[in-house]
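**Q** Below, each chain spelled out in residue letters.
Number of protein chains: 2
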Amino acid sequence: MPANSTTAEIVAAMRSAQRIAVVAHVRPDGDAVGSVLGLALSLRALGKDVIAMLEDGVPANLAFLPGTDTVIQPGTEPLGIDLAIALDTATHERVGEKTKALLDAAPLLIDIDHHPANPGYGALNLIVPTEPATGQIIYDLLSGHGLPIDDAVRQNLFIAISTDTGSFQYSSTNARTHRIVAEMMDAGLDTARLAQLIYQSYPVRRLELMRDMLNHMEFRAEGRIVSWQLKQAVMDAAGMQPGDTEGLIDTLRMIDSVVACVIFEDIPGGKVRVSSRSKDSRLDVSAVCAQFGGGGHRMASGARMRGPIEAAADKFLQALEHEVRRID
Amino acid sequence: MPANSTTAEIVAAMRSAQRIAVVAHVRPDGDAVGSVLGLALSLRALGKDVIAMLEDGVPANLAFLPGTDTVIQPGTEPLGIDLAIALDTATHERVGEKTKALLDAAPLLIDIDHHPANPGYGALNLIVPTEPATGQIIYDLLSGHGLPIDDAVRQNLFIAISTDTGSFQYSSTNARTHRIVAEMMDAGLDTARLAQLIYQSYPVRRLELMRDMLNHMEFRAEGRIVSWQLKQAVMDAAGMQPGDTEGLIDTLRMIDSVVACVIFEDIPGGKVRVSSRSKDSRLDVSAVCAQFGGGGHRMASGARMRGPIEAAADKFLQALEHEVRRID
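Protein sequence lines, in the order shown, are assigned to chains E and B. Heads up, the first sequence is in UniProt numbering, so the first residue is 1 and it goes up one at a time. Heads up, the second sequence is in UniProt numbering, so the first residue is 1 and it goes up one at a time.
Hints in this document: simulated from the structure, not taken from any laboratory. Even for Gly, the Cβ is constructed at its ideal location relative to N, Cα and C. Each hint should be verified, as a subset may be incorrect.
Claimed, not checked - Here are the simulated SDA-like cross-link-like pairs (lysine to any residue), alpha carbons at most 25 Å apart as the crow flies: (1) E:Lys315 - E:Pro268; (2) E:Lys100 - E:Ser257; (3) E:Lys279 - B:Lys48; (4) B:Lys48 - B:Thr70; (5) B:Lys279 - E:Phe64; (6) B:Lys48 - B:Ala117; (7) E:Lys315 - E:Ser257; (8) B:Lys279 - E:Lys231; (9) B:Lys279 - E:Leu189; (10) E:Lys231 - B:Asp212; (11) E:Lys231 - B:Asn215; (12) B:Lys279 - B:Arg193; (13) B:Lys231 - E:Asn215; (14) B:Lys279 - E:Gly120; (15) E:Lys279 - B:Arg193; (16) E:Lys279 - B:Glu208; (17) B:Lys279 - E:Lys315.
Said to hold, decoys possible - Quick list of the computed label-pair ranges, beta carbon to beta carbon: (18) E:Ala60 - B:Ala63: 37 to 43 Å; (19) B:Gly239 - E:Asp56: 55 to 61 Å; (20) E:Gln73 - B:Phe219: 31 to 37 Å; (21) B:Ala63 - E:Gly75: 55 to 61 Å.
Bound-form chain E, shown alone:
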């Protein structure tokens, strides 16, 4: 990995630019959307012309965030930007095909992320794997260099941090995470309202998915692995929307015997998305995902496999069980 740039260099590049694209990974989660909008809104307040772009747009469960109405999906028209910033995206390709094609025309690319596997594909890089969320890196960047932070920026960065730490429960959470939230509350941020919007505003159809999960979850390795196959027919019956499954895996994590949980999900093109979590620091699920071309964090990782879902699940779970038995 190339050495990180200084935050001063990165802020100087932002200040020098006039038209800036801020992007994140496909299938954006709370940290991706919150980081993109937190930074975009701050740079706009600084007088910059900022394009907030997400290959897959904003999922319905995050639409409440201020600024989401300004997020665009990539077209074919050149952006005419003099700076591109990729956030929370471990590999350049993960910004999405169309987005990447547009970014390639930018004279300068900045890569800011907390995924340890990020190789530093920018001309300027700020990869901080010890931070629990890219949103936390952005907050410290903005506050450390006196860039504008208003309530809308805070809302976005709070959601980025809160979702990527599992509401401050994951081991990546640090003392600074809590101090940032305290600072945000001092400044008047209503965190309870945001927590309610993100954690307590699920459509009933999400509970239907959860019900299917509880009815069809499967255990192996003496209960240490639990998995669920979310099939197309169930999604169709529930009328599933993007974002509906976010956090469902945490319900499987809750089981005391479990050290690893996996959700397999039918996705277009006959493929299967794999989301896996480890509850034991000795078990590295990103290593298992890497066997199938995926990656992520040690305790939270993903992959895409060829379907059908039953065969993909079988292959993945065999590899996972092998790893689980190694830590016995």
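Since chain E is already given, all that's left is putting chain B on it; use the hints.
**A** Chain B in isolation, oriented as in the chain E frame:
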């Protein structure tokens, strides 16, 4: 409510005493157990002879907390104490019948709590309804007066605070809450381990209860009220233990249309325990619970009613629906 004592008066009374009983309410939750042990362990480190007593003992889901092996249930033998401290207990009776009988012999009673309905039944009182947890009051009392705080004290007070704020999501959470956690992490507390033990260590039978809830939840008032009746037969089939249902209601809170959720639960003596939550600050569920002899907080409240469960649910839900329709 009588005026609060100063924290200096309360700490002076603790320092003067030699044999102290620390108690909390029946059916203790995380804040009750964590506050009792947080304070008891600190006073023991100060050289006091401390009886940590809970009428119903420690529920299985909290048994991991340091010091729980020293918690006793009340017998009939006098305690020979010169100070009694009731924590997190809104009325004196809520410590439990046997416990109260033993405390009545104490020459001095201190009442420390965050329930707004607490009348201040101690000789010394510290009722701070703006704090999200009694554990937060205890932490500030200990740290503000230089009383001993070690890792075991921190573990107990962290669990008190984390559980009573719904992992920092409830509106009662304040900036100080986050700063306390940051201080605890600076001192080396492993909050992720504790979060895993409390939120991700549920027995499979808990998921069976959740499955029953998702299969049998009922909506009324156009989806603004959701409720579930946990019947004895389901508890028996799942082999339910105390603590298994804690937090289950949060899954019902998640539904976007919902402003109030209620769980009715068969309890011994043909009675029904009612647990209710509000998601709208204009809706005061404690007022509804008060109609049935219960109480608590505006957004989280409970009551006990006469069974059978279907009739109790019907009566309570009618009263609740009346309140919900008033905020239209």
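**Q** Which hints from the list above does the structure break, by number from lowest to highest?
**A** 2, 3, 6, 8, 12, 14, 17 and 19
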